[in-house]
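Q: This is what each chain is made of:
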Amino acid sequence: MTVRTREELPRILKEAFYIARTGRPGPVVVDVPKVIQQALGPDEYPKEVNIRGYKPNESVHMGQIKKAVSMLKKAKRPLFLIGGGVNISGANAEMKELAERTGVPVITTIMGKGAIPTSHELYMGNIGIHGSYAANHAVAECDVLFSIGTRFNDRITGKIEEFAKDAKIIHIDVDAASISKNIVVDIPIVADAKLAIEKLLDEVPKLEIQAWTEQVRGWKKEHPITMENYEGLTPEKIIRYINEHFERPIITTDVGQNQLWATQYIELEGNRQFLTSGGLGTMGYGFPAAIGAKLGNPDTPVIAISGDGGMQMNIQELATAVTLELPLILVVLNNGYLGNVRQWQELFYGKRYSSTCLRYRRSCERRCQDSREACPPYTPDFVKLAESYDAYGIRISKPEELKEAFDYALSHKNAPTIIECLIEPEANVFPMVPTGNTLGDMILG
Amino acid sequence: MGMEMKKRYISLYVENRIGVLAKISGLLAGKSYNMDTLTVGETEDPTVSRMTIGLTIDDITFEQVKKQLNRCVVVIKVMDFSEIPIHKKELLFIKVSGCGEKDKAEVFRIAQAFGLEVIDYDKRRVLVQCVKTESANNDMIRLFNQTFPSRIETVRGGSVAIEAISTSEQ
Ligand SMILES: Cc1ncc(C[n+]2csc(CCOP(=O)(O)OP(=O)(O)O)c2C)c(N)n1
Ligand SMILES: [Mg+2]
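Line by line, the protein sequences give chains A and B.
In terms of the working numbering, the first sequence opens at residue 2 and continues consecutively.
In terms of the working numbering, the second sequence opens at residue 8 and continues consecutively.
No lab work stands behind these hints: they were computed from the structure.
Note that the coordinates shown come from a computational prediction; the quantities given were computed from them, not determined experimentally.
Glycine included, each C-beta is placed from N, C-alpha and C at the ideal position.
Possibly wrong hints are sitting among the right ones.
Claimed, not checked - Subject to a maximum C-alpha distance of 30 Å in a straight line, what follows is the list of computed BS3-like cross-link-like pairs (lysine-lysine):
# : chain 1 : residue 1 : chain 2 : residue 2
1 : A       : K182      : B       : K38
2 : A       : K68       : A       : K169
3 : A       : K68       : B       : K74
Unchecked claim - Facing chain B, a subset of chain A residues (Cβ under 7 Å, in silico):
# : residue
4 : G54
5 : K56
6 : P118
Said to hold, decoys possible - Far from chain A, some chain B residues (derived; all Cβ distances over 12 Å):
#  : residue
7  : Y20
8  : R24
9  : G107
10 : K109
11 : Q119
12 : K130
13 : R132
14 : Q153
15 : T154
16 : I169
Next comes chain A alone, as it looks inside the complex:
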């Protein structure tokens, strides 16, 4: 919105915050021209907001809820698919209750991770192109898919015609435009997740579906996600170290393999503990997000997990973090590649690496396919870079060094520390569903 007169400034600001925080929340742009920035005027804001074109949905259609419940009751292989909407509406306690009350297994999108604790016996992992075997097979085999607060984007559906082929689909979303957009659903419910789940809790019974739940749990046990076939300091070991040594930290991620590994291995107790750019996938998100998280939660440990590429996309924020004396732990998974893109080039483009090697020099031989010891040093040196901003830096390359590195970071109470982790350059994120495949058809790695 552009502010055109000083008189309308308070109203527009008030409306902007209202729109940003209600319905499907999100950023609002307010354009304040310089003349209005400088004009003097009253600082009184209107008491109420009334925007005739914007009325967030504050109720839920009970008829639709009842239909959903009766469909759920008849299900033999029901499954909850939970997206970021549940985290946004703060419905985590209610969601856990709903899962326990019904006994229905829960899978999440990456934005939905943490909707119920990841250690919960009904939690079966993430769905999607790097989701778990159990979650992806459960979607393929379920007969009722009860989804809440997800957009069914292409990262989770795989081949869309085959998605949850045998299932009736129920979809709760606060945004009517997200319903039946990518996937045509059988029972649409336009409502805030929290409100809808509260209403569901009044109606749902315990379902007799032990065999199904055991089957999904069996898949989870038989096909855990792991990087055991890689040696040395793996992202799995780094993230598991965080799981074991921090109590309820806030984890932010950048975009790329670092993010995908984080979504696979991070354990979450509850809400707003995990900040990741799942929709747009903007590299450079993780570090600034950590700054915001720390400012809002000064007593919570905040750890950003980034790649060597993405860390450089907002590296200037080191100045901000140093200025604000924020003790952030900035874990950089340095593989010397734009790893996520490199993985695609390896798997789907005959390993023709193009513009993804970060140790590349113009004088390199053409068609080089791996970075070696002899390659020029990676630019920048993250330890020196941190020091140049008056922050701290430490580089590690072995799992035994994790403790030292994190202790070093924790010893700094008012400045950020970069922990640069040298990891296997060509490690891949598995499992993976190649684009266009059905979800069950995955490369296990």
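Model the placement of chain B with the ligands on the given structure of chain A, informed by the hints.
A: Leaving out everything else, chain B with the ligands in the frame of chain A:
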């Protein structure tokens, strides 16, 4: 709901503000929804404009268009004119040039037969105004084109539509 393409009309109440037209057409273009016509004008309430949007579109995409428009903050109300009785008209001007006397007489004859209005002319040119439905206007253009090939110039305004009062009207 089918996938076959149908002609549909939406009537849209929007805030009468700078940038709103760009926002709406940008939204439709950004999603690659193909718009046939869009007209806009102020209403009886000067803070509100009303748009009539004509689309050739399948049912599923049409539902999406309505939802997407509805979630726009500047959109006050979306009315689907597909299933309700409406009046809709479009303004079309046809200019015929290089006319001899016989041609001119023919233009006047067509105008009389189809209820068109001749609103301007000189020695060699005639300007006709047609206020009809979009498809009737298509027919007029075809007729003039056949009768005066390569000698016509047309401009049309896009449909405007409003709900009917008596439900038997279409
Ligand atoms: C701003 C931006 N540019 C480009 C991309 C496309 N992209 C996605 S992941 C990726 C590579 C990320 O490399 P790095 O930060 O080193 O992380 P890694 O995958 O190696 O862990 C790229 C280029 C993006 N998501 N965002
Ligand atoms: Mg990298």
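Q: Holds or violated: the hint that A:K56 contacts chain B, with Cβ atoms closer than 7 Å.
A: Hint violated; A:K56 Cβ to chain B Cβ min 10 Å, cut 7 Å.
Q: Test the statement that B:Q119 is away from the interface with chain A: the closest C-beta pair must be farther apart than 12 Å.
A: Fine: 47 Å to the nearest Cβ keeps B:Q119 off the interface.
Q: Checking the smallest CB distance to chain A, is B:Y20 really beyond 12 Å?
A: violated, 9 Å
Q: Given the hint that A:K68 pairs with A:K169, does the C-alpha gap stay at or below 30 Å?
A: holds, 12 Å
Q: Evaluate the condition: distance from the CB of B:T154 to the nearest CB of chain A exceeds 12 Å.
A: Label holds. Min Cβ-Cβ 48 Å, cutoff 12 Å.
Q: If you draw a straight line from the CA of A:K182 to the CA of B:K38, is it 30 Å or shorter?
A: holds, 12 Å
Q: With d taken as the least Cβ-Cβ distance between B:R24 and chain A, does d exceed 12 Å?
A: The claim is violated: B:R24 sits with its nearest Cβ about 9 Å from chain A, within 12 Å.
Q: Could you check if A:G54 really has its C-beta closer than 7 Å to a C-beta on chain B?
A: Nearest chain B Cβ about 5 Å off; hint holds.
Q: Verify that the Cβ of B:I169 lies farther than 12 Å from every Cβ atom of chain A, and report whether the claim holds or is violated.
A: holds, 20 Å
Q: Grab the minimum beta-carbon distance between B:K130 and chain A and tell me whether it stays above 12 Å.
A: holds, 51 Å
Q: Are A:P118 and chain B close enough, Cβ to Cβ, to be under 7 Å, as the hint says?
A: violated, 33 Å
Q: Just want to verify: B:G107 was marked as not at the interface with chain A; is every Cβ pair farther apart than 12 Å?
A: holds, 56 Å
Taken one by one, the earlier hints fail for this structure at numbers 5, 6, 7 and 8, listed in ascending order.
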